[in-house]
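> Below are the chains, spelled out letter by letter.
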Amino acid sequence: MLRIPCPICGLRDETEFSYGGDASVKRPAMAETDPKAWMDYVFYRGNPRGRHLEYWHHVQGCRQWLVVERDTVSHVISGCRLAREVSP
Amino acid sequence: MSRYSAWSILAQGLRGNRGWRRAWREPDPKSAYDVVIVGGGGHGLATAYYLAKEHGLRNVAVVEKGWLGGGNTGRNTTIVRSNYMIEGNTRFYERSLKLWEGLSRDLNFNVMFSQRGQYTLSHSPAQMDAARRRANVMRANGIDAELLDREAVARHLPYVDTSASARFPVHGAVLQRRAGTARHDAVAWGFARGADRLGVDIIQQCEVVGFLHDGDRVVGVDTTRGPIRAGKVGIAVAGHTGHLAAKAGLRLPIETHLLQAFVSEPLKPMVDTVIAFGGAHFYISQSDKGGLVFGGDLDGYNSYAQRGGLPVVAHTMASAKALIPSISRLKVLRHWAGAMDMTMDGSPIIARTPIEGLYLNGGWCYGGFKATPASGWCFAWTIAKDAPHEDNAAFTLDRFERGVQIDEKGAGPYPQAH
Numbered sequence: 001m002l003r004i005p006c007p008i009c010g011l012r013d014e015t016e017f018s019y020g021g022d023a024s025v026k027r028p029a030m031a032e033t034d035p036k037a038w039m040d041y042v043f044y045r046g047n048p049r050g051r052h053l054e055y056w057h058h059v060q061g062c063r064q065w066l067v068v069e070r071d072t073v074s075h076v077i078s079g080c081r082l083a084r085e086v087s088p
Numbered sequence: 089m090s091r092y093s094a095w096s097i098l099a100q101g102l103r104g105n106r107g108w109r110r111a112w113r114e115p116d117p118k119s120a121y122d123v124v125i126v127g128g129g130g131h132g133l134a135t136a137y138y139l140a141k142e143h144g145l146r147n148v149a150v151v152e153k154g155w156l157g158g159g160n161t162g163r164n165t166t167i168v169r170s171n172y173m174i175e176g177n178t179r180f181y182e183r184s185l186k187l188w189e190g191l192s193r194d195l196n197f198n199v200m201f202s203q204r205g206q207y208t209l210s211h212s213p214a215q216m217d218a219a220r221r222r223a224n225v226m227r228a229n230g231i232d233a234e235l236l237d238r239e240a241v242a243r244h245l246p247y248v249d250t251s252a253s254a255r256f257p258v259h260g261a262v263l264q265r266r267a268g269t270a271r272h273d274a275v276a277w278g279f280a281r282g283a284d285r286l287g288v289d290i291i292q293q294c295e296v297v298g299f300l301h302d303g304d305r306v307v308g309v310d311t312t313r314g315p316i317r318a319g320k321v322g323i324a325v326a327g328h329t330g331h332l333a334a335k336a337g338l339r340l341p342i343e344t345h346l347l348q349a350f351v352s353e354p355l356k357p358m359v360d361t362v363i364a365f366g367g368a369h370f371y372i373s374q375s376d377k378g379g380l381v382f383g384g385d386l387d388g389y390n391s392y393a394q395r396g397g398l399p400v401v402a403h404t405m406a407s408a409k410a411l412i413p414s415i416s417r418l419k420v421l422r423h424w425a426g427a428m429d430m431t432m433d434g435s436p437i438i439a440r441t442p443i444e445g446l447y448l449n450g451g452w453c454y455g456g457f458k459a460t461p462a463s464g465w466c467f468a469w470t471i472a473k474d475a476p477h478e479d480n481a482a483f484t485l486d487r488f489e490r491g492v493q494i495d496e497k498g499a500g501p502y503p504q505a506h
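Each protein sequence line maps, in turn, to chains A and B. Just so you know, my numbering puts 19 at position 19 of the first sequence, and the rest follows in order with no gaps. For my numbering, add 88 to where a residue sits in the second sequence, where the first one is 1.
Same shape as in the complex, but just chain A (with noise of 0.2 Å):
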């Protein structure tokens, strides 16, 4: 069980969450007109080993979306931030 410290709710079990996927991907301008930046966002992915940032949504707590930090070897979850406040 990963356990999230949620910024509003506190440490809450992931059975709470809804998970949103890697927050490392940034989604191209709308008048981006490139294919491949496009593509990019859709379909390809960093996949780590290791230092992991993915989005959490809250969806039976606060209903915030969140920017966490995670291991994808060892689960330890090193930050959570409200994803408003995260720079894209």
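One or more hints might be untrue.
As the list claims (entries may be wrong) - Covered by chain B, according to a simulated footprint, are these stretches of chain A (three or more residues, beta-carbon under 8 Å):
hint	region
1	3-10
2	29-42
3	67-75
4	79-86
Think of the hints as simulated: they come from the structure by calculation, not from any bench. Heads up, the beta-carbon is just placed ideally off N, CA and C, and yes, glycines get one too.
Once you have looked at the hints, place chain B on chain A.
Quick look at chain B alone, frame taken from chain A:
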């Protein structure tokens, strides 16, 4: 090396079983090979076997960081089936099933392939419509499928809760009689022995730490046992594909996720088939030793940890009990997790890469075991001929940018949803 036969078992028995020899050699790596395959699981060993057998390429090495079949080959729930619907998948998995049917004889090694049938249950009128469509598409593609109603399911599987008061009442099932299970370690060992007999060097305890380059071309691998040059390098390390490909500078449409599997204490023969529950993501069969072998859904977040979390354990047990109430007090002996290459469309990749000399076999999601023979067969073809066979022509890396994904589930670019 001698062939295995009933006669050899009898003769060895009379001589106290002291004459058995190792099934494959343990060679030191040479400085160069025509082809180096990274990954000594079922897929890598099958690739080496078919390179030697079908294409006459015998100066081949398989390098494995641990031991043979120690990754996902030894962690799956051993189910073999070909009940696919989307073009690209149908013919590939049917080729695989046909190879399975002759595999023990071909390898002279008993992989214990048992065509005990697989039932995919439906639990609503809508699921029943989808099941009918799937069965019809399968039959139109020459793959065996039968549609069963609830009474037939109750007759075939008396221990399944088919009552109207079940949490997810059974409406019917698609039965594929040619599906079944196989002994997963034996598949790795059989391909290893077969490849070794054809001259392939199998090098264990040899981890690839990087790639050798000549300009833009990959010309070998750097390993913990020194550099090995190669005309062509094939990657077959599903679960760690992204991690290894990154060393070659390749970014992939893959995330690595966890899938757990479970074995119960042994029972007398009870589940004599394979059952996939449609109410939740759950599947169960019984091993020849008697343990019920079952699994469920992904844990749902990126991980290379090879160990799972308790929420999925609880969910899987609840599914087991909803499907077969009589096993509710059974003890679970072991559970473990494997690292899955989850692609953005839920289908695998067997293709050349944009890097010259580097070939990729990966992205098996959690369907890799059943694909083992065809995966090796098609990957060997792709490496030997520098072009895909028509059975793996759809499994390219550029299908994402061309917009021709093979999304069997229709879940979109969310790896944890496939």
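> Confirm or reject each hint.
The hints, checked one at a time:
Counting residues of the region 3-10 of chain A whose beta carbon lies closer than 8 Å to any beta carbon of chain B gives 0, which falls below the threshold of three, so the coverage claim is violated. Beta-carbon proximity to chain B at under 8 Å applies to 5 residues in the region 29-42 of chain A; the threshold of 3 is reached and the given coverage holds. Under the rule that three or more residues need a Cβ within less than 8 Å of chain B, the assignment of the region 67-75 of chain A holds, with 5 such residues. For the region 79-86 of chain A, the stated coverage by chain B is violated: 0 residues have a C-beta nearer than 8 Å to a C-beta of that chain, whereas at least 3 were required.
Hint violations for this structure: numbers 1, 4, all remaining hints satisfied.
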